[in-house]
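Q: My request is simple: use the sequences and hints to build the entire structure.
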Amino acid sequence: KAGVTQTPRYLIKTRGQQVTLSCSPISGHRSVSWYQQTPGQGLQFLFEYFSETQRNKGNFPGRFSGRQFSNSRSEMNVSTLELGDSALYLCASSLVDSYNQPQHFGDGTRLSIL
Amino acid sequence: QKEVEQNSGPLSVPEGAIASLNCTYSDRGSQSFFWYRQYSGKSPELIMFIYSNGDKEDGRFTAQLNKASQYVSLLIRDSQPSDSATYLCAVNLSGNDMRFGAGTRLTVKP
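Those protein sequences? They're chains A and B, same order as listed. For the first sequence, my numbering gives the first residue as 1, with consecutive numbering after it. For the second sequence, my numbering gives the first residue as 1, with consecutive numbering after it.
Some hints here could point you the wrong way.
In silico lysine-lysine, PhoX-like type, Cα no more than 25 Å apart, as pairs [as the list claims (entries may be wrong)]:
| hint | chain 1 | residue 1 | chain 2 | residue 2 |
| --- | --- | --- | --- | --- |
| 1 | B | K56 | B | K67 |
| 2 | B | K109 | B | K42 |
| 3 | A | K13 | B | K42 |
| 4 | A | K57 | B | K2 |
| 5 | B | K67 | B | K2 |
Far from chain A, by Cβ distances over 10 Å, these chain B residues were calculated [stated by the list, open to error]:
| hint | residue |
| --- | --- |
| 6 | P14 |
| 7 | K56 |
| 8 | G59 |
| 9 | T62 |
| 10 | S73 |
| 11 | L75 |
| 12 | D78 |
| 13 | T107 |
| 14 | P110 |
To give an idea of the chain B side of the interface with chain A (calculated C-beta under 8 Å), a few residues [claimed, not checked]:
| hint | residue |
| --- | --- |
| 15 | R28 |
| 16 | Q31 |
| 17 | S32 |
| 18 | F34 |
| 19 | Y39 |
| 20 | S43 |
| 21 | P44 |
| 22 | L46 |
| 23 | I50 |
| 24 | Y51 |
| 25 | G54 |
| 26 | L88 |
| 27 | N92 |
| 28 | D97 |
| 29 | F100 |
| 30 | A102 |
Quick caveat, the hints were computed from the structure, so don't treat them as lab data. Glycine included, every Cβ here is placed at the ideal spot set by N, Cα and C.
A: Right under this line is the structure:
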């Protein structure tokens with residue numbers, strides 16, 4: 001069974017640009033969560049989608065947004081990029097919903113802002 | 001108070017010893033608890049999950065949960081150098097909201 005697939009693996013952008021990251025969950029998994037990981041802040045929850053609806057959202061500005069499609073694939077968008085957005089962005093999927101279900105992570109997208 | 005707290009370490013143990021990793025959480029309504037291992041430059045990998053008070057064993061790993069004291073721990077028996085990694089505690093807060101601790105860096109010395 002294929003794992004969680006994130007594309008692209010690496011991305012370099014400049015301040016002010018926007019970026020879209022993609023995540024394909026494990027087949028059959030309907031919940032997709034996004035996290036930002038930095039050395040200083042650790043793993044920070046961005047949002048969670050289930051059945052195309054955002055169910056939970058972390059404490060990130062509105063520049064961070066996401067969506068989920070009917071096939072459970074998800075995208076995350078960051079607009080007006082700032083230097084502080086440089087991080088590893090991780091997507092995780094779980095079977096039905098994240099409650100009581102383990103999340104399985106993709107390899108992440110490493111975003112660098114110049 | 002942080003929602004999920006871990007000792008950042010580093011925790012250093014000799015090969016063959018027992019490594020003990022601890023985690024406390026603030027939300028008494030939390031129902032599910034997870035341990036992930038993350039090697040440098042890699043994504044977190046699920047090791048164990050536990051829902052009920054007590055111990056849960058899987059090979060060399062034992063997860064322990066005490067909801068009254070709001071702590072969860074991970075014991076690694078017969079530690080190997082390949083166990084050297086950062087261990088992340090994750091708690092699913094009431095309301096279906098996953099939170100991670102900052103992680104404990106473990107080094108197992110040959």
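Q: The structure should be examined with respect to each hint, and the outcome stated for every one.
A: Evaluation of the provided hints:
1. K56(B) with K67(B): Holds, at roughly 14 Å.
2. K109(B) with K42(B): 21 Å, holds
3. K13(A) with K42(B): 22 Å, holds
4. K57(A) with K2(B): 17 Å, holds
5. K67(B) with K2(B): 17 Å, holds
6. P14: Its Cβ never comes within 10 Å of chain A, the nearest being 27 Å, so this holds.
7. K56: Holds, since 13 Å exceeds 10 Å.
8. G59: 17 Å, holds
9. T62: 17 Å, holds
10. S73: The assertion about S73(B) holds, with a minimum of 18 Å to chain A.
11. L75: 19 Å, holds
12. D78: Holds: least Cβ distance 24 Å, greater than 10 Å.
13. T107: 17 Å, holds
14. P110: Holds, since 27 Å exceeds 10 Å.
15. R28: Nearest chain A Cβ about 16 Å off; hint violated.
16. Q31: 6 Å, holds
17. S32: Nearest chain A Cβ about 5 Å off; hint holds.
18. F34: At about 6 Å, which falls below the 8 Å cut-off, the nearest Cβ of chain A leaves the hint on F34(B) intact, so it holds.
19. Y39: At about 12 Å, which exceeds the 8 Å cut-off, the nearest Cβ of chain A leaves the hint on Y39(B) violated.
20. S43: Cβ of S43(B) sits 4 Å from chain A, so the hint holds.
21. P44: 5 Å, holds
22. L46: Hint on L46(B): holds, closest Cβ of chain A at ~5 Å, below 8 Å.
23. I50: 11 Å, violated
24. Y51: Result: holds, 6 Å to nearest chain A Cβ.
25. G54: 17 Å, violated
26. L88: 7 Å, holds
27. N92: Hint holds; N92(B) Cβ to chain A Cβ min 6 Å, cut 8 Å.
28. D97: Cβ of D97(B) sits 5 Å from chain A, so the hint holds.
29. F100: For F100(B), the interface hint holds, since the closest Cβ of chain A sits about 4 Å away, which is under 8 Å.
30. A102: Result: holds, 4 Å to nearest chain A Cβ.
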